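Could you build all of it, start to finish, from the sequences and the hints given here?
Each protein sequence line maps, in turn, to chains Y and P. Note that our numbering has the first sequence beginning at 1, numbered continuously upward. Note that our numbering has the second sequence beginning at 1001, numbered continuously upward.
These aren't lab readings, by the way, just hints derived from the structure by calculation. Just so it is clear, the structure is predicted and the values come from calculations on it, not from any experiment. Quick reminder that beta carbons are idealized off the backbone N, C-alpha and C, glycines included. Possibly wrong hints are sitting among the right ones.
[What the hints assert, rightly or not] Taking CB as the label site, the calculated pair distances span:
| # | chain 1 | residue 1 | chain 2 | residue 2 | range |
| --- | --- | --- | --- | --- | --- |
| 1 | Y | ASP290 | P | ASP1027 | 23 to 29 Å |
| 2 | P | ASN1008 | Y | THR319 | 53 to 59 Å |
| 3 | P | ASP1027 | Y | PHE296 | 17 to 23 Å |
| 4 | Y | ASP234 | P | ARG1048 | 38 to 44 Å |
| 5 | P | VAL1030 | Y | LEU176 | 20 to 26 Å |
| 6 | P | PRO1003 | Y | ALA207 | 30 to 36 Å |
| 7 | Y | ALA311 | P | ALA1021 | 25 to 31 Å |
| 8 | Y | THR319 | P | ARG1048 | 44 to 50 Å |
[Unchecked claim] Here are a few chain Y residues that face chain P, going by a calculated C-beta distance under 10 Å:
| # | residue |
| --- | --- |
| 9 | ILE48 |
| 10 | LEU176 |
| 11 | ALA284 |
| 12 | ARG287 |
| 13 | GLY306 |
[As the list claims (entries may be wrong)] Listed below are several chain Y residues computed to face chain P (Cβ distance under 8 Å; list not exhaustive):
| # | residue |
| --- | --- |
| 14 | TYR70 |
| 15 | PRO71 |
| 16 | ILE73 |
| 17 | LEU178 |
| 18 | ILE278 |
| 19 | ASP279 |
| 20 | ASN281 |
| 21 | LEU285 |
| 22 | ALA292 |
| 23 | ILE295 |
| 24 | LEU307 |
| 25 | LEU310 |
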Amino acid sequence: MNESLSLSQLNERIGLAVAADACLRDVWVTAETGDLRISGGHCYLELIEKDPVSGRPVARLRAIIWASNYPRISADFVTATGQQLASDLKIMVRVSVNFHPAFGLSAVISDINPEFTCGDLIRRRRQMIARLTQEGIIDMNRSLPWPDVALRVAVVSARGAAGYGDFITHLYENPLRLRFSTRLFPAVMQGESAPQSIIDALDLIAAEMDAFDCVVIIRGGGATGDLSSFENYDLAANIAQFPLPVIVGIGHERDVTVLDYVAAVRVKTPTAAAEWLIDHNSTALNRVRDLASDIFRAASDIVSGGLQQLAYYQGIIPTIALGNVSRAASALDPVVPDAIRHAVEALVRRHSDRLDADDRLIAALSPQSVLRRGYSICRVDGHAVTDAAALSPDDIMTVQFARGSATSTVNKVNN
Amino acid sequence: MQPVSELNYNQALAELEQILAQLRSDDCDVDRLTALTARAVDLLNHCRSRLTATDLELRTILRNLSQE
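In structure tokens:
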């Protein structure tokens, strides 16, 4: 009969061999996480190495973070990566291999290098961004035109979540009293089912997209949550190609996700999403206010311009009328009579001058004047003789002088 | 003229801008001023009511939402 060991004896040997090998203590290992769960404060997970081409596991080992280490390791990890330790992450951990007779081989994790995961997350995100860019969809949602008025908001959020409440309160209690209308499309906002759940909600919104101006995807405010489920190509592609502008406010201060590269608007918190919407619509409200004051200014300008014109006429018409009257009066009073008088006087003077001249002419031409200058008038039978032929010898002729006359007899006529 | 209630926000806004342009033009008819201003007031109220809600409406909305 062959000598044999009980299984526990064998396992004990394995355990001793493992424990004795310094190469299996405090080794840094890189692997993917899987099947991660927390139980009794301890974190149980699987470390997996996959074939880079086929994606099939080529190595696998159970791992544990004891409750004494888990809070510290988890906090370090969250601080550096902005997400919780979870499945499907590439991690670098310091492990010591342990073999328990009853539970078998496992790696006890004592430390983590979050930088490795960061690099990997960034690498993964870059790949997604490159793919979205290559497919020509990365800017589609971001280049959608925003309507001037975006008051009808489809909200994707977890029902009853604090972030949703913050958003609603902030939106409806806006001091401008903008008339928002919202409708909640509930979705799971964390964990592995989140991307598909959000995509389903987006599909419902798309089915009645005419009823909405935009979509808001929000998630609990404040708490440093696990963003890894949002680092999802399908969700990013859905948002990128969504026909309405999408605002993403999934509540993380530091880190970004791939969704931030595709959504029309990225905000940090649900409250900030409400803030953004209020601000956007207040522009429209201000435009209405400006138009109102412009219109009333223009209208009152016309009225006051008209009134001013009327007042001007009111002031000027009496002046013009009175001016005209007084001008007419003054024209009648001193000026015209004077002119007439002058004209008449001139006329009279002109006429009297002419009469004077006529008098002088008449005086000059009178027979008496002629006679005084030495001429005399010869008359025969009372008729003045102007032609010698009319005379005959022995005619009795009376000669009149300026003073006195004489009677003569014609001796001879000389024709 | 289309009743104001049948206009959407952008149509109302466009008409407001048209009225403003008319009022600002040099040949604005004073006889039409009353009609234009009355129309502008209607349009402005319409736009504003599209954008803003009354206290009562807000209270109703918030009450409905809290019951969700």
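Cross-check of the supplied hints:
no.	hint	in the structure
1	Y/ASP290 x P/ASP1027: 23 to 29 Å	holds (24 Å)
2	P/ASN1008 x Y/THR319: 53 to 59 Å	holds (55 Å)
3	P/ASP1027 x Y/PHE296: 17 to 23 Å	holds (20 Å)
4	Y/ASP234 x P/ARG1048: 38 to 44 Å	holds (42 Å)
5	P/VAL1030 x Y/LEU176: 20 to 26 Å	violated (36 Å)
6	P/PRO1003 x Y/ALA207: 30 to 36 Å	holds (32 Å)
7	Y/ALA311 x P/ALA1021: 25 to 31 Å	holds (28 Å)
8	Y/THR319 x P/ARG1048: 44 to 50 Å	holds (48 Å)
9	ILE48	violated (42 Å)
10	LEU176	holds (7 Å)
11	ALA284	holds (6 Å)
12	ARG287	holds (7 Å)
13	GLY306	holds (6 Å)
14	TYR70	violated (37 Å)
15	PRO71	violated (36 Å)
16	ILE73	violated (39 Å)
17	LEU178	holds (6 Å)
18	ILE278	violated (11 Å)
19	ASP279	violated (13 Å)
20	ASN281	holds (7 Å)
21	LEU285	holds (5 Å)
22	ALA292	holds (5 Å)
23	ILE295	holds (5 Å)
24	LEU307	violated (11 Å)
25	LEU310	violated (11 Å)
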